[in-house]
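Novice: Here's the letter readout for the chains.
6 protein chains.
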Amino acid sequence: MRPSGRQPSDMRAVTLERNVAMKAEGSCLVAFGNTRVLCTASVETSVPGWLRGKGQGWVTAEYGMLPRATGSRTRREATAGKQSGRTQEIQRLIGRSLRAVVDLELLGEVQITLDCDVLEADGGTRTASITGAYVALVDAIRWMDERKLTKGQALKDSVAAVSCGIYRGTPVLDLDYLEDVEAETDANFVMTGSGKFVEIQGTAEGAPFSRDELQSLMALAEQGIGELSVMQKAALGV
Amino acid sequence: MRPSGRQPSDMRAVTLERNVAMKAEGSCLVAFGNTRVLCTASVETSVPGWLRGKGQGWVTAEYGMLPRATGSRTRREATAGKQSGRTQEIQRLIGRSLRAVVDLELLGEVQITLDCDVLEADGGTRTASITGAYVALVDAIRWMDERKLTKGQALKDSVAAVSCGIYRGTPVLDLDYLEDVEAETDANFVMTGSGKFVEIQGTAEGAPFSRDELQSLMALAEQGIGELSVMQKAALGV
Amino acid sequence: MRPSGRQPSDMRAVTLERNVAMKAEGSCLVAFGNTRVLCTASVETSVPGWLRGKGQGWVTAEYGMLPRATGSRTRREATAGKQSGRTQEIQRLIGRSLRAVVDLELLGEVQITLDCDVLEADGGTRTASITGAYVALVDAIRWMDERKLTKGQALKDSVAAVSCGIYRGTPVLDLDYLEDVEAETDANFVMTGSGKFVEIQGTAEGAPFSRDELQSLMALAEQGIGELSVMQKAALGV
Amino acid sequence: MRPSGRQPSDMRAVTLERNVAMKAEGSCLVAFGNTRVLCTASVETSVPGWLRGKGQGWVTAEYGMLPRATGSRTRREATAGKQSGRTQEIQRLIGRSLRAVVDLELLGEVQITLDCDVLEADGGTRTASITGAYVALVDAIRWMDERKLTKGQALKDSVAAVSCGIYRGTPVLDLDYLEDVEAETDANFVMTGSGKFVEIQGTAEGAPFSRDELQSLMALAEQGIGELSVMQKAALGV
Amino acid sequence: MRPSGRQPSDMRAVTLERNVAMKAEGSCLVAFGNTRVLCTASVETSVPGWLRGKGQGWVTAEYGMLPRATGSRTRREATAGKQSGRTQEIQRLIGRSLRAVVDLELLGEVQITLDCDVLEADGGTRTASITGAYVALVDAIRWMDERKLTKGQALKDSVAAVSCGIYRGTPVLDLDYLEDVEAETDANFVMTGSGKFVEIQGTAEGAPFSRDELQSLMALAEQGIGELSVMQKAALGV
Amino acid sequence: MRPSGRQPSDMRAVTLERNVAMKAEGSCLVAFGNTRVLCTASVETSVPGWLRGKGQGWVTAEYGMLPRATGSRTRREATAGKQSGRTQEIQRLIGRSLRAVVDLELLGEVQITLDCDVLEADGGTRTASITGAYVALVDAIRWMDERKLTKGQALKDSVAAVSCGIYRGTPVLDLDYLEDVEAETDANFVMTGSGKFVEIQGTAEGAPFSRDELQSLMALAEQGIGELSVMQKAALGV
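Residue numbers (numbering that gives the first Met the number 0), protein chains in the order written: chain A, 0 to 237; chain B, 0 to 237; chain C, 0 to 237; chain D, 0 to 237; chain E, 0 to 237; chain F, 0 to 237.
Be a bit skeptical, because a hint or two may be false.
A pair counts as met if it fits within one copy or between any two copies, since identical chains are not told apart.
With a straight-line cut-off of 20 Å between C-alpha atoms, the simulated SDA-like cross-links for lysine to any residue are [claimed, not checked]: (1) K232 x V19; (2) K81 x R91; (3) K81 x Q6; (4) K195 x A218; (5) K81 x T69; (6) K195 x S215; (7) K53 x L105; (8) K155 x G205; (9) K22 x L177; (10) K150 x V19; (11) K53 x K150; (12) K147 x A233; (13) K195 x V101; (14) K81 x G4; (15) K195 x Q214; (16) K195 x T86; (17) K81 x M143.
Simulated from the structure, these hints should not be mistaken for lab results.
Same shape as in the complex, but just chain A (with noise of 0.2 Å):
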């Protein structure tokens, strides 16, 4: 039924490669199926002024999409002069979901930057990004770690990100783009690996949604992510 021949339930083939970036403190090349997103994570010693003395650091991201990362070619955000609301909507989202692990007092004085770039965008380019980014930022507070630039351990769990949606009247795991143009309802969900929820955002793209429904959809977001974060533990040796 779905375009990919995937059952309900399956998730895309994912690959998480660590240490793909030489210059960055932790770095990781994301595959959701077709959906590729590199992730860089930048230590700086520099925080957002409102925090400066405060002895407590910060987590934040940025995301961007390479021109020819989608099937016809998009404008370049640097070109138009300013990030449109989409991409400042993602990456106000990636850095939450990444601050709701990490202990922002143990981390220091430093804010660490999660570059979000996607290479190959075929659906579900805000959940690798955030799975991703996660395996980066843990390489990056290694990086610290053994710089002793850490006050103690700065994360306090793993967290990852999947989407579901109604494609066809049914309810499925991690759409692609063929089934997130054509979804009634498209949610992303991100997790942590204990399995509480940091962020729901569910949108009636169609038709409003019913409370059923939208428990078939936790349901299959719970299996997912307790997927996707036995990957990231394989990814990360741990």
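The hints should help you fit chains B, C, D, E and F onto chain A, whose structure is shown.
Specialist: This is chains B, C, D, E and F only, laid out in the frame that chain A set:
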């Protein structure tokens, strides 16, 4: 327990005042307690470029905040030279929410813009905006109906929104500013008058939340939006 | 002869409602007929860079218009990415007009920003803004006086403004929108309560005007501003 | 008494040099003392969108200042990314002033842009700009007349401008920079060759001014503009 | 003598990997040592306005750098709101270089955009971009040829680029980052496969250079570009 | 053969007029035939942030063009809201060229900004700018020397620039606009008075060029810059 003395399931006093902007085709001054938003609906005969010639209409929204709607003066976005990510996120949400209850084909080739300008901000400006903008939208569509500009009954349902959150461990309905800054979890719900979900946005501000906590918030939201729908009907005389 | 049926020397109904914005140190909702402007005064402890350390304050203004204050929707300046030349011209005028009646040294090293946001536009928005902003400013300075933040009596005089014009050959006071678009000459006068000029801006929209015509406009302005000063005093209870 | 040793009613040495820009349809290098402005008139066959197809033309102006026209270097507006409020105010004034003496219908469907670029600034740049731009405009219209591009005598009158002010208690004509920064009142007058007013802008920089003071400034302006009109005629050979 | 241990006339290891972007009509991941650039070619049926209806095509380029391509994180240009002067200079160079080997008339009325996004920067990003973009361009033109979209053999020659410089007194080929920051003279050469020059840019970073020094650099460039041309042919299977 | 009737190795008439801007520390109006550029040098006591406290100075340049310097009016960059890529490329070139002959340490911690504003453009504006800006720079450094602001002889050499090109198959010196638009190859050379190269930029506009052609252009450039150096010395009285 709540700073305002409200019970967990108490909404603030809500008022919906119609016809407050002489020149707009529809308008509503909505108050959720001290939060006050002026919503106007403007009918324009030109649609966005990508819709031209398709015989269907569009509903969009813009959101703004007067500089002194807030406790300390906020910089005017027109001076800053751009809308913040938060503003864009909110206006995209308002637009999506209203489009969910409009049949864009029956609307005919017009664009209705909902401007939601916050005169006073005390938490819940986006949910008040959606609730009030719906009332302004109805008046604008009635204005069109009277002039035979629509092609049929363009409104499919009503829509309203409310926030819920976990405040000091307890799920509460309709957060005000004092609660909002302190809440561990903050969720916005947009639902139709017929009780279906249009949008859910839940965010763990402090600690990740469980599925049970989310269920409690959903139950509060369903109750609150039920009350708002009744008030919308009363205001609109239906 | 006038579209509104007014006599040439009749002003529109003027109201000045104080304390309309809960969070501002001073506020006034001013109406000149159907033109309504919400004026707020914000006291901030930081002054512009070039004044820092000079022991004196500053008074400035910003002007905005809600998109649907006008007959057809006006594009939001925050979306356009900049303030129009007209907006900047008006806010510079409001700022200069108010500074003319304030002793900046006695104000102490604070900045007071007057935000004038037009809720409904029917001609004369800049003159209504000045007239209302003065009332908001007085309340803000009183607020400072109560907290012993000023160094003495910072207000030197009152200030108000009105437009005049030559409409169908006749000099008339306080142009509304219908008169404004048709007037041959349009002039804005800003005067103190003691009857001196702060600013005169006269423009030949249609045909150049003679010295005699200017004298007639000046006489009308003196009368109108006299009336406005009385209303300002009444509103302020002095 | 005046820093330059001039009498109160003395203008500075004024020169109007035509044909200084080889490529423009009209041009004039105007000097008011040390203030020097290069004015060019460009005839373009496209009019602003809102005028298209109406069979009438448009006259507009842009104003700029070379970075080192001033005592200390001023930031280039192209680098700053926008024109300041002051620049926009001035160029709007120049445009309005010139349109006052042009019959836009007889001009035909063309746009004439007057660029006024200040090479050296010593007070009165906007009045020098208007005075010089008029000369450039006449040459551009003559250029059009020679090519039978106008539909008749498009020039209705001449126009010139001068500043006056109250300097150390005395009304003086044509303020230079040293006087300008110190003047209590500063007024710019734009008048036609036939002695009527096109624009008056009077501002109390220090203390509000009386009606009598304004009358004195007006008398000085009438005299000064009379002299400028004679010089314009001489320069244009009429 | 060179930090990398290379001989003066040694290039770094160069690889050219085709078909790395699924959705682009042509793509090439080029590496010059640690410098890696992802080049995509996008065929679009709309040409710039000034070319419309002339029956000829256009080739243009855009250049970007991922924030963490560099040793310390570089600010994203989309966030800064504009492309830097350096970026614009580079993308103009890439565009000119590729247009030099394309017959724009035979291309037909299409635009090919070469996006060169630097994944890792270690000196020579602009020369690697040109070399890789050529390969992507060839694939895009082949894609067009297969669909009979071109009007003939649009490629006139091949093109590649390399940098040379005087490093510690010795002319060397293909500078890496460590050499680049220290070089007295830095020159970029763009040449065709047939051995002619398309572009030369030589800059004295430290000390001005003599004609003899320039000759040595030219000789190195000719050798290096000869090698690159062979590699391009091999990669393209011609 | 040349449109101007010049021999291939003839430069246009060059003039260098000093002290044309009263307020600048150095200034020069340079003409290369009909191309005229006003160059001013401004000494400022603040250096860019990254140089602060390093005890050395900086020399930078900005380039602009009056709207009607060109045959048809060019849009003002201040109105467009940004400098074009071409403008930035040129001003970066001017800055680099002048820094090549200045000892920044002996300059002391000041910044000298060279503003090059094109009054009339007829080809070669960047080479005229460099040649004239050098003269303005010398005067600014002399001004500093007189005030004992430099730490020694900050000027190491003189610098000038000229363009050459292949026009209808013949290498020619100092292209004017008519030649520039038609030239197959266009090259700009910047050289010191002592005959060394500071910058070479050669571009194949039409057809790629051979090494021999480049040699001919270089020979012409050496001759032309030799002549310009003599004129610079004469203008500066050295």
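Novice: Each hint should be assessed against the structure and marked as holding or not.
Specialist: Here is what the structure says about each hint:
1. For the homomeric pair K232 and V19, the shortest alpha-carbon distance inside one copy (18 Å) is at most 20 Å, but the shortest distance between copies (28 Å) is not.
2. Within a single copy, K81 and R91 get their C-alpha atoms as close as 15 Å, and across copies as close as 17 Å, so both meet the 20 Å cut-off.
3. When the C-alpha separation of K81 and Q6 is checked against a cutoff of 20 Å, the pair qualifies neither within a copy, at 40 Å, nor between copies, at 44 Å.
4. Both within a single protomer and between protomers do K195 and A218 lie at most 20 Å apart by alpha-carbon distance, with minima of 12 Å and 19 Å respectively.
5. Taking the closest pair of Cα atoms, K81 and T69 come within 20 Å of each other only inside a single copy of the chain (19 Å); across copies the shortest separation is 22 Å, beyond that limit.
6. In this assembly of identical chains, the alpha carbons of K195 and S215 lie at most 20 Å apart whether taken from the same copy (16 Å) or from different copies (15 Å).
7. Taking the shortest alpha-carbon separations for K53 and L105, only the intra-copy value of 12 Å comes in at or below 20 Å, while the best inter-copy value is 36 Å.
8. Taking identical chains as interchangeable, the C-alpha atoms of K155 and G205 lie at most 20 Å apart only when they sit on different chains, with a minimum of 13 Å there against 38 Å within one chain.
9. For the identical chains of this complex, K22 and L177 are inter-copy neighbours only, at 14 Å across copies versus 35 Å inside a copy, given an alpha-carbon limit of 20 Å.
10. In the homo-oligomer, the alpha carbons of K150 and V19 never lie at most 20 Å apart, since the shortest distance is 27 Å inside one protomer and 42 Å across protomers.
11. In this assembly of identical chains, the alpha carbons of K53 and K150 lie at most 20 Å apart only when taken from the same copy (14 Å versus 34 Å across copies).
12. In the homo-oligomer, the alpha carbons of K147 and A233 never lie at most 20 Å apart, since the shortest distance is 25 Å inside one protomer and 49 Å across protomers.
13. In this homomeric assembly, K195 and V101 come within 20 Å of each other (Cα to Cα) only inside a single copy, at 15 Å, whereas the closest approach across copies is 35 Å.
14. Proximity of K81 to G4 under the C-alpha cut-off of 20 Å is found in neither arrangement, the shortest distances being 39 Å within a copy and 43 Å between copies.
15. Within a single copy, K195 and Q214 get their C-alpha atoms as close as 15 Å, and across copies as close as 13 Å, so both meet the 20 Å cut-off.
16. Taking the closest pair of Cα atoms, K195 and T86 never come within 20 Å of each other, the shortest separation being 26 Å inside a single copy and 28 Å across copies.
17. Taking the shortest alpha-carbon separations for K81 and M143, neither the intra-copy value of 33 Å nor the inter-copy value of 33 Å comes in at or below 20 Å.
Comparing the model with each earlier hint shows violations of hints 3, 10, 12, 14, 16, 17; every other hint is respected.
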